[in-house]
Amino acid sequence: MQDTWFSIGKVEAGKKLGYHMHQSHAGVYIFLIEGEIVVDGEVLKRRDGMGVYDTNSVELETLKDSHILLIEVPM
Numbered sequence: 038m039q040d041t042w043f044s045i046g047k048v049e050a051g052k053k054l055g056y057h058m059h060q061s062h063a064g065v066y067i068f069l070i071e072g073e074i075v076v077d078g079e080v081l082k083r084r085d086g087m088g089v090y091d092t093n094s095v096e097l098e099t100l101k102d103s104h105i106l107l108i109e110v111p112m
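Residue numbers for the sequence shown follow this note's numbering, beginning at 38 and rising by one.
All the given hints hold, so there is nothing to weed out.
Capping the alpha-carbon separation at 27 Å, the derived lysine-lysine pairs in DSSO-like fashion look like this:
{"#": "1", "residue 1": "Lys53", "residue 2": "Lys82"}
{"#": "2", "residue 1": "Lys52", "residue 2": "Lys82"}
{"#": "3", "residue 1": "Lys101", "residue 2": "Lys82"}
No lab work stands behind these hints, which were simulated from the structure alone. Just so we're clear, the structure is a prediction, and the values are computed from it rather than from any experiment.
Using the sequences and the accompanying hints, generate a full structural model.
In structure tokens:
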């Protein structure tokens, strides 16, 4: 059995968000449906994706109103 968590939301521009992993040794795939965000110094735009692992949390900042999907899976 594999534990997977899905989080989706719409966030207005200028917000900073933190996502904390549900378990150790997990990674999260960030898919930006719409908008523009910054993750670990990388700018993601509409339909961009990025994997983050080897950490317990990740910080996001919205540059434009954004629709974000996060998928967390064990690594």
